[in-house]
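Sequences are here, hints too, so could you generate the full structure?
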Amino acid sequence: MTILEISNLTKKYKTGFARDRAVMAISDISFKIEEGQIYGLIGPNGSGKTTTLLCILNLIRPTSGEIKLFGERHLQPFIFGKIGYMPEEFTFYDFLSGKEFLELQAVLYGIPKAHRKSRIQDVSEMLGMTNYLSRRLKHYSRGMLQRIGIAQALLAEPKLLIMDEPTSGLDPEGRKVVRTLLEKLANSGVSILLSSHILTDVEKMCHKVAILNNGKLVTEGSLESFLNKNAGYRIMYESLSAEIPRNATLIQSESNKKIIYVDQDNLNNCIAYLTNSGAKIKEVIEGSKTLEDFYIEVLKE
Amino acid sequence: MSIEKVFAVAENTARSIFRDKKFWFAIVLWLLYIFLIARPLRDISDLEMTRHILKGFISGFRFIAFLAAIFLGTVIVESEVKKRTIQVVLTKPIFKWEFLLGKFFCGGLIIILLYVIFVVTIEFLSFVHGVPFVLEPFWYLLTELLYLLNIFGWTLLLSQIISPFIAGSMVLIFHPNTFMFWIKEIEEGASPFHWVIKKLGVFINYITPPYGGRLSFGSSLSFIDYWLTIYQVTYLVATFLVVCYIFNRREILKK
Chain X
1 MTILEISNLT KKYKTGFARD RAVMAISDIS FKIEEGQIYG LIGPNGSGKT
51 TTLLCILNLI RPTSGEIKLF GERHLQPFIF GKIGYMPEEF TFYDFLSGKE
101 FLELQAVLYG IPKAHRKSRI QDVSEMLGMT NYLSRRLKHY SRGMLQRIGI
151 AQALLAEPKL LIMDEPTSGL DPEGRKVVRT LLEKLANSGV SILLSSHILT
201 DVEKMCHKVA ILNNGKLVTE GSLESFLNKN AGYRIMYESL SAEIPRNATL
251 IQSESNKKII YVDQDNLNNC IAYLTNSGAK IKEVIEGSKT LEDFYIEVLK
301 E
Chain L
1 MSIEKVFAVA ENTARSIFRD KKFWFAIVLW LLYIFLIARP LRDISDLEMT
51 RHILKGFISG FRFIAFLAAI FLGTVIVESE VKKRTIQVVL TKPIFKWEFL
101 LGKFFCGGLI IILLYVIFVV TIEFLSFVHG VPFVLEPFWY LLTELLYLLN
151 IFGWTLLLSQ IISPFIAGSM VLIFHPNTFM FWIKEIEEGA SPFHWVIKKL
201 GVFINYITPP YGGRLSFGSS LSFIDYWLTI YQVTYLVATF LVVCYIFNRR
251 EILKK
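Chains X and L, in that order, give the protein sequences.
In terms of this note's numbering, the first sequence opens at residue 1 and continues consecutively.
In terms of this note's numbering, the second sequence opens at residue 1 and continues consecutively.
Honestly, the hints are just simulated from the structure, not real lab data.
Note that the structure is a prediction, hence the values are computed from the model and not measured.
Every residue gets a Cβ at the ideal spot worked out from N, C-alpha and C, and that includes glycine.
Worth double-checking, as some hints may not be accurate.
[Stated by the list, open to error] Sample of chain L residues at the chain X side, in silico, Cβ under 8 Å:
(1) Arg15
(2) Lys21
(3) Lys22
(4) Ser79
(5) Arg84
(6) Val89
(7) Thr234
(8) Val237
(9) Ile252
[To be verified] With a cut-off of at most 20 Å between alpha-carbon atoms, the simulated EDC-like pairs for lysine to aspartate or glutamate come out as follows:
(10) L:Lys83 with X:Asp28
(11) X:Lys12 with X:Asp28
(12) L:Lys83 with X:Glu89
Structure below.
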């Protein structure tokens with residue numbers, strides 16, 4: 001079942017004194033998310049990830065295009081009862097305690113009074129927040145705020161979770177807790193749309209990924225198809241020359257040390273080229289591309 | 001419609017104000033002001049003089065309440081937009097008008113609270129100094145409250161369209177009494193544009209919130225006061241509907 005379907009989404013901002021100049025925030029973006037799928041939006045700063053999420057949530061009005069949530073146009077507020085949203089910079093009511101904040105969110109979700117307490121208990125246990133609920137939010141650390149942000153998004157047992165940078169600000173243990181939780185939710189049928197800069201997390205969690213750049217969708221597909229598992233080699237070498245072999249992707253370059261990625265068919269040609277050009281090959285490792293390798297390759301193109 | 005959600009928004013906004021140290025600091029300043037005013041009044045034996053001073057005190061309070069209503073109107077929604085806390089509210093199954101109604105309730109609550117403090121103060125001062133102060137509690141409070149709620153709503157409406165600071169300044173400048181004062185000044189100065197400005201003044205007088213409130217020393221209510229109340233209520237409802245319409249159409253967040 002398709003949970004979210006976006007077609008040709010475009011957002012232009014009018015700027016200037018006479019509002020006569022237009023800045024294209026996102027242009028012609030289309031993708032869809034199926035039930036139980038974890039979908040990652042990645043891209044550099046200002047690429048349009050957050051704008052896309054805010055358009056879906058009706059906090060920003062798209063200039064054109066269509067957004068369908070659960071098969072319906074997204075404007076009706078009742079649809080938001082099935083959606084959990086965690087914003088990027090988790091801005092909060094710092095005068096509230098964790099418990100008061102979750103109670104407010106439970107009321108806004110329309111959770112019946114009889115179930116509120118148990119729901120708050122469940123989500124706070126799930127995220128290890130039980131002991132901190134009486135504390136005011138202004139005394140929370142960044143990681144704790146991130147957790148309470150996730151807790152409020154999970155309160156109404158959503159069918160679609162929209163998360164902007166869910167693991168940023170968390171320590172490695174916290175990131176693992178969140179990853180495990182999201183995977184568990186996806187296995188139980190919850191669809192998750194997340195944007196993130198932490199590509200290792202995206203690679204570990206997501207089934208599908210879309211890469212945005214300058215407001216445009218550069219590529220979209222399953223992680224497996226992108227990373228072409230077990231079909232390439234990473235070559236680490238030292239060379240003073242700036243040139244890299246043809247058919248190779250530069251992954252990292254620090255002064256004269258370089259790491260490139262080549263597929264199986266081009267390995268021998270590449271090694272021959274490097275040897276002839278006087279490069280000192282340090283290491284050749286068999287393995288798939290990482291999402292980071294692919295991301296850099298796509299953005300360079 | 002869920003009245004529980006409306007009250008939750010109102011309660012949360014009220015909490016944000018009551019848990020703010022600046023609010024309690026303002027209350028302490030207010031009490032200090034009353035204390036300072038009460039001391040010289042104690043030494044005045046002339047009843048008429050006391051009455052005049054009390055009238056001045058009432059005018060001073062009206063101005064403070066007026067400023068408070070403008071301030072509330074500019075910050076009550078826009079501070080949530082600025083801090084982006086609004087995104088964890090409007091991404092819940094809540095209608096935008098429910099959110100706004102909650103904000104209106106909270107605005108009303110704060111203005112009522114100001115009035116309770118004011119009425120208690122006035123009653124206390126007139127009792128202490130033996131001034132025959134007659135306050136028509138219900139109608140006086142109602143018309144004055146409705147006036148301030150209208151000012152609050154009017155500022156809230158303008159801050160949906162233009163920057164909150166400009167909106168607040170505009171309500172302050174184009175408030176009928178203030179504007180009429182400027183018209184008088186201009187006429188006295190024989191400005192060549194006085195006719196245009198006068199007409200503009202009359203127009204502004206029609207569109208800005210109806211002025212209410214009849215705090216008097218012994219006067220009684222007239223027939224027109226009742227109509228004024230009905231007009232004020234109608235104006236307030238109309239303002240709320242326009243605010244809802246604009247808020248529903250505006251872009252909540254700008255990336």
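Status of the hints after comparison with the structure:
For the restraint placing arginine 15 (chain L) at the interface with chain X, the shortest Cβ-Cβ distance is roughly 6 Å, inside the 8 Å limit, so the hint holds. At about 11 Å, the closest approach between the beta carbon of lysine 21 (chain L) and any beta carbon in chain X exceeds 8 Å, and the interface hint on this residue is violated. Interface restraint check: lysine 22 (chain L) against chain X, minimum CB-CB distance 12 Å, threshold 8 Å, status violated. Of the supplied interface hints, the one on serine 79 (chain L) is violated, with its beta-carbon coming no nearer than about 11 Å to a beta-carbon of chain X, more than 8 Å.
Satisfaction of the interface hint for arginine 84 (chain L) is found here, the shortest Cβ-Cβ separation to chain X being roughly 4 Å, below the 8 Å cut-off. Look at valine 89 (chain L): its Cβ gets to within about 6 Å of chain X, closer than 8 Å, so that hint holds up. Taken as an interface hint, threonine 234 (chain L) does not check out: its beta carbon lies about 28 Å from the nearest beta carbon of chain X, beyond 8 Å. The interface hint given for valine 237 (chain L) is broken, as the beta carbon of that residue sits about 22 Å from the closest beta carbon of chain X, more than 8 Å.
The beta carbon of isoleucine 252 (chain L) is positioned within 8 Å of a beta carbon in chain X (closest approach about 5 Å), and the interface hint is therefore held. The hinted pair formed by lysine 83 (chain L) and aspartate 28 (chain X) fails the criterion: a straight-line CA distance of about 30 Å is larger than 20 Å. With a C-alpha separation of about 11 Å, the suggested pair lysine 12 (chain X) and aspartate 28 (chain X) falls inside the 20 Å cut-off, and the hint holds. Taken as a hint, the lysine 83 (chain L) and glutamate 89 (chain X) pair is honoured in the structure, with Cα atoms around 10 Å apart against an allowance of 20 Å.
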